[in-house]
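Please put together the full structure from these sequences, using the hints given.
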Amino acid sequence: MQLGVCYYPEQWPRTMWADDAKRIAELGITHVRIAEFAWSRMEPRAGEFAWEWLDEAVETLAGAGLKLVLGTPTASPPKWLIDAYPDVLPVRADGTRWNFGSRRHYDISSETYRRECLRVVTAMAQRYGRHPSIVAWQTDNELGCHDTVPSYSPAALTRFQTWLRRRHESVEALNDAWGNVFWSMEYPSFEAIGLPNLTPTDANPIHLLDFRRFMSDEVAQFHREQIDVLREHAPTADLLHNFMGFFTTFDHYRFAKDNAIDVAAWDSYPIARTESIALPDEQKARYARTAHPDVSAFDHDRYRAIGSGRFWVMEQQAGPVNWAPWNPVPAKGMVRLWAYEAFAHGAELVSYFRWRQCPYAQEQMHSGLNLPNNELSPGGLEVQQAAREIAACAALSALGAPARATVAVVFDYETQWMFEIQRHGKTFDYQTLVFDYYESLRELGLDVDIVSSRVDLSAYALVVVPSIAVIDDALVNQIERSEAQWVFGPRSGSKTDSFAIPSTLPPGALQRVLPMQVLEVETLRPTLAPALSIDGARGVAIHWREHVRANGETHVDAQFDDTWPAVLSRGKVRYVAGWLSHALHRTLLEQAARDAGIETQRLAEGLRIRRRGDLTFAFNFGAQSVHVPAPADATFVLGNALLKTGDVCAWKDV
Amino acid sequence: MQLGVCYYPEQWPRTMWADDAKRIAELGITHVRIAEFAWSRMEPRAGEFAWEWLDEAVETLAGAGLKLVLGTPTASPPKWLIDAYPDVLPVRADGTRWNFGSRRHYDISSETYRRECLRVVTAMAQRYGRHPSIVAWQTDNELGCHDTVPSYSPAALTRFQTWLRRRHESVEALNDAWGNVFWSMEYPSFEAIGLPNLTPTDANPIHLLDFRRFMSDEVAQFHREQIDVLREHAPTADLLHNFMGFFTTFDHYRFAKDNAIDVAAWDSYPIARTESIALPDEQKARYARTAHPDVSAFDHDRYRAIGSGRFWVMEQQAGPVNWAPWNPVPAKGMVRLWAYEAFAHGAELVSYFRWRQCPYAQEQMHSGLNLPNNELSPGGLEVQQAAREIAACAALSALGAPARATVAVVFDYETQWMFEIQRHGKTFDYQTLVFDYYESLRELGLDVDIVSSRVDLSAYALVVVPSIAVIDDALVNQIERSEAQWVFGPRSGSKTDSFAIPSTLPPGALQRVLPMQVLEVETLRPTLAPALSIDGARGVAIHWREHVRANGETHVDAQFDDTWPAVLSRGKVRYVAGWLSHALHRTLLEQAARDAGIETQRLAEGLRIRRRGDLTFAFNFGAQSVHVPAPADATFVLGNALLKTGDVCAWKDV
Amino acid sequence: MQLGVCYYPEQWPRTMWADDAKRIAELGITHVRIAEFAWSRMEPRAGEFAWEWLDEAVETLAGAGLKLVLGTPTASPPKWLIDAYPDVLPVRADGTRWNFGSRRHYDISSETYRRECLRVVTAMAQRYGRHPSIVAWQTDNELGCHDTVPSYSPAALTRFQTWLRRRHESVEALNDAWGNVFWSMEYPSFEAIGLPNLTPTDANPIHLLDFRRFMSDEVAQFHREQIDVLREHAPTADLLHNFMGFFTTFDHYRFAKDNAIDVAAWDSYPIARTESIALPDEQKARYARTAHPDVSAFDHDRYRAIGSGRFWVMEQQAGPVNWAPWNPVPAKGMVRLWAYEAFAHGAELVSYFRWRQCPYAQEQMHSGLNLPNNELSPGGLEVQQAAREIAACAALSALGAPARATVAVVFDYETQWMFEIQRHGKTFDYQTLVFDYYESLRELGLDVDIVSSRVDLSAYALVVVPSIAVIDDALVNQIERSEAQWVFGPRSGSKTDSFAIPSTLPPGALQRVLPMQVLEVETLRPTLAPALSIDGARGVAIHWREHVRANGETHVDAQFDDTWPAVLSRGKVRYVAGWLSHALHRTLLEQAARDAGIETQRLAEGLRIRRRGDLTFAFNFGAQSVHVPAPADATFVLGNALLKTGDVCAWKDV
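Protein chains in written order, with UniProt numbering: chain A, 1 to 654; chain B, 1 to 654; chain C, 1 to 654.
Heads up, a few of these hints could be off.
Pairs count within a copy or across copies, as identical chains cannot be separated in the list.
No more than 20 Å apart at the CA atoms, straight line, and that leaves these computed lysine to aspartate or glutamate pairs for EDC-like [stated by the list, open to error]: (1) Lys426 with Asp281; (2) Lys332 with Glu389; (3) Lys67 with Asp238; (4) Lys644 with Glu483; (5) Lys284 with Glu59; (6) Lys644 with Asp562.
It is worth saying that the hints were derived from the structure and are not from the lab.
So this is what it looks like as structure tokens:
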């Protein structure tokens, strides 16, 4: 368990730096991230680098025994660069250019900007790449934030056409794959293809999807170009990018492939996230001060997979923030709890944002570990407590590696894009569906891996696929070879790779192992809720329901009151023909876990547990104190069996 | 009763065509519409026509005994045309140009595009105009759909100025008619007049109205130009355009005048329409799977008038669609019911959209009579049933012509435009008011004609005018000559043709037959609902209420609790000084019908009846089974007196 | 008590003018405002003035004994001017130019337009400046209406850069004051600084604030340029501008300084205002026909300060209007009541909008004192009644000057801008908070002055500061010298003049008199409402809450249930650490008033009282009749002690 912090020396008088370094170290923090927005100070005028201040900051921090993470400053090109190359500014979907004056004001497809980025990153890497205290580098900052991917610029258009040529080889093949005969959308050449904005009605969904795939590749390539420079000059450092929670604009699996990152780092703001995502208002109300119990864990488990087992929290909420519709103060204990929660899910490092609240500019209402007057904030005091606890307890300071879970949940970025492009009903959201399944498993006390469908899943006893748009032969082969129980949710196998309905009808290739066909689908207004029972439990479908036909030996395990099948199975494979109300998802997964030989329990409301090494951690996000389900003879290394709101404990099973 | 279907040979392998034709004919379908989006296949490159595939498609279908409706392809100009003439792309109200990539991406005022359309239509008409199996031609597709009228292009501006010059003769006359002295809006010349977009606050309402009148004329002229070509080359075919439901952007009466169409065809999607229009949420919930009982009938009755008695359903919903906020599967029976309903209202042909669900592109989630795997869909099976029933029953296959109703409801397009331009309260919508009156009459078991105020109304016993902005002398003359009962709703006679308040106050010229004046009007937030009684029934005004004064011999039949008159009358003319809650509209129309000697009944909830020839049809849109109000000795030619949800029956009164 | 009316001779035939003048005078009206939208008639073509019609109008009105207010016509530049100088059109935040076709279509920063305005105003002032019947001049009309300030034009950019240079002297100083090191936002020169629109995420709040300060100065300077001309040519007239209610886009205190106005005139539309502002829906429902009891009074009291004691209502609602989401007819009596209410608050003149409803153009649904058919409207009849009452009663016709109140509420424009720029929670609105405090004081029967924090406050016994972003030393000095009770609300002292958090934490300099610090703040979703008691009264915080620490001798008077302090005090200074539910604000102010030796009472719901001279007026905005709290031996000069809805009475305490 290692603690870090984000620090911006350029924002404070040099006279404060030494004291800051000393106090950071004394607090028990080992890692400090710096520099990722400081381009205007690194290069005040075109080509004139000014490293002296950064040299001093690095030495001051290193001198206090701290390890450093250096950020490349490309998320905020300075004004002189924009004035020299105005085409670096990105273009909105309505054709307007964005302005300078905040951050992320660059077109990711601009070759001018790519060149400028490599220039500054190379200079920075040459100077600091082999510094012994610099243990990691971060590229840019939160790629895609503020909806800055995509850009609709001329540069994006040209590169999109090139990308399409590479993917489709001939324009005839593209017209065929896209079905452009529909509405006479056929293109005479790749040069004739435009971006899919400003169409009077829906653009072709595959046009939109290929544009999203292209933009996802652009993001990955933008990062990769910096990585190639950093690998050369900083050969021993961990290279990473700080991803965001619940963020799906690019495919993180593809981004991470071929060692583009050494560790998956992400920025965790659980309370603002809870307020921002599509949760029922009742849940937003209940968890306003603790954050939803699964909102951080969901991304911990996802980024652990993206980092091939290694993940950091690069920015951790340290108190109230400034960017959600409402920004409450976290309940007492949460700032500490989130650190333990991240560690329990396998984090190597939890780095708080930020050392001291900046009293000016855009983030002045964003808290840090210190108040603007330089006293520890309430969150800072909680971090101090956690640091002391960890230092005092060997079982906590040297955790074992997290074990592979027995349960996998498949999350797929392209599915998110396809169902955003084609929600069909305005309340359908794929990630929300995945989250609902994930929450159900966590309420059953299970540890979960969130994984890509393209990895080897043979070690899992239960594989849950809340939905996956395209089911290819490789996945069906995995199922056939697998011993696991498999659960597929609605819309699974409903599309081909070219965004069309499979010729055999959905669920497409899944029919090889589960003979059935989806005849019709429907989206449901909130007042339309087909009822059903599963094992005596009553519930309804919401958002989405399918009319399916069981073929061959497929069995109907549960049906809607109107007799349409609700759950179908053959052998170890289940299919759920609708988005079921939450309690039914839990019942269903309980059955599947039982069939997989996995023991479950029903945790108290707001309670979550997670195992790491030989420890079991418990976290109370609920409004009431609860007893944790520890064995009677468990040894507590942190806290005890009675857990108050916002508290955490950990025990060893004897 | 004839059945049709929409078919897109260009979207399927040629190897499927013959089987498709055979199966279409075997299903009992007689008419097939083709070609209306196929420009890129008819003319793959500028000037190079490729008719061979269309020749084969036509011959294949005709060879199976099918009659054809050919669509001109002008709703989707191909990419080479847009690249050659980029000014064909329309301009949005904010000044941005729309892009290629979907459909309807053309500026209806572009003279370039008009020329290109005539070129392709002429070529097509010359080739197919006299083909014996081609019984009808459709121009373009759903003119105005996706809010593509108006366009704010330079071409539209020039033509608008010309239109204004023709209407107003001198700019002084225009300044006077528009009242441009207000806010110094006077124009020095016609060339100085702009389009009414991007004004810091409201544009002059008559500026907006004249622009809407102009755009309505542009749509009609665009269609007319094609009709002139088609008449020449296809002299015996029925010429038509496929209109839309609840669509009021252009004046369909003016569009249809001077034989611009032979039959009014329209596209009927009852469930998506129910979800999309301004109905109370309670009704949207209740009728989510059956559609609102009057939502199709309303347009059947409207288009029957627009077609001077002849109307077709060119596209009929055949299952779930893709474009409403939510898209449920219709209740069992509805796909069949809608056909009978259309026939009962006088349709000659009901043509389903579409033969087979297209697995790719924008409408892949739009159902058809066949699933993408080419088996009949649930809707297809219902059509099969209907076709067999009709074939088996002479009384159904050879229906009499629909008789003129005894009740007329006046619908007026300019009133819709004026009250959209000047809602005055954000929940006031004219068409919704008309629909509320129409629904009341239908709940009373009455057949209704929806008509223009400009036709001869002398044959009706009851004329209901839910509102009409401008009451001219011609209409008052009709009232004076008429024997009918007349009911006028609020805002009637509230405007002059130049969008001003009449100098004698509203209801303007109506005062000649009903002396009264509207002193003040008010729009009502949902919490403000002045109460009243009519004949002991309690209710409220919603949306709109007027403070009126009865003059001369005018009698106050009902008043609000605050003593303002609610219903006024003199002799056969009634005026309703507010938008009353629904049950009061029904009570009021019941009284008026009684005074007109028309017998009414209160149908069970969700039940509707409609007479054609010697048959009475009954339709159950409600959640409960009901007994239809057939005489005890009626002869049923379809179904029986107990009607389940989604079912239809028909009987002869003996 | 003098009555006025707005009249537009150019909109009516000359044959009506003499009769209009006669009827206006007969009604008891003494003042008529004319000409403020008539540029196209004053100067029909560039440089060709046509004064003859205006001469006649002036003489006709003056001949009837009426006094005139002349408006400069610069709110509506005519089309020939726009055609000659298209750059006069303003630019929206998205970069689009607004069009001609309504009003306020000018860029306030356009130097071309400034020159044109001075040209027309000079010509007008030369001709009419010394006319004996013209007693006042109004510049432009409702500056800033329709969100027409700001403009994002090139002209605005250039002038903004100049303004910044003047304020900040060097770009280094600006970069420092703005904290531009954050996100590398540093500017190399003043010329490099842009407008704060179209940034991918939030612009720097101080960038936004300085732009608002600049735009506020632009508005004041635009007005001042006209005033300089008018002072020269109309040396004896009252010069004014007609402000709007609840309008805060520019700083009215700065606008009015250095005699830029002689009297503060404002346009009062209480019912539309009630519907438009951020009131709870329950209040909008309750007061839909009477307007909220404080919505007019709030601005009467504010503009009385802005006018240094002199204020007029330049436009008073005379019946239903046309621009709110819904527009009900006022309850009987309100049009009369509003005049008395304005007088009670100190108005010299109440001028109704408008003489006669205009039957055409944008405001045809806006009522006047006459209907379009020239009979007195219901509102006109109420004005007639009021005029007769006043004429018949010396105590009413010659009211004393309004006395300074014992209670002051501080309202600060920059605070509004800062908290709009940084709401932090989407339901936080500063003016709404001020209004809530004001309402509480008025419910306690108190007369209130609304004042700037920069004036001498030493004469007040109670000073209420619902919030003020920046607390400077001058204000603390006032507190120290003052004998008054002071109440500060949340966010007070939370910012520096450069939009940063004070280095000593909020409430900044207030700590000199009230030692305490705000550690953390939070915004509250509607479901999150920390509870507390004050003096046994239960309530909650809404929208905003602070975690504060009492330092030194500061006493915690009340605390939240979770133990955070809610009300703190030391001596005469109180601080409220949250936005409390309304009844708690009232309890708190009741305590503060008691401590200040001010007697309070709890008025019946909807009842308000206000003293002027030796009269006390009472107004009933509530749904029930109430008895007014007059002494038993009071002498009523208007009405009596039992007050119906919409009625007013006035008495002398004996």
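Structure-based check of all given hints:
1. Lys426 with Asp281: both (17 Å within a copy, 16 Å between copies)
2. Lys332 with Glu389: Only inside one copy: lysine 332 and glutamate 389 sit 17 Å apart there, 65 Å across copies, limit 20 Å.
3. Lys67 with Asp238: within (12 Å within a copy, 71 Å between copies)
4. Lys644 with Glu483: For lysine 644 and glutamate 483, the Cα distance exceeds 20 Å both inside one copy (40 Å) and across copies (48 Å).
5. Lys284 with Glu59: So lysine 284 and glutamate 59 fail the 20 Å test inside a copy (45 Å) and across (63 Å) alike.
6. Lys644 with Asp562: between (45 Å within a copy, 15 Å between copies)
Comparing the model with each numbered hint stated earlier shows that hints 4, 5 do not hold.
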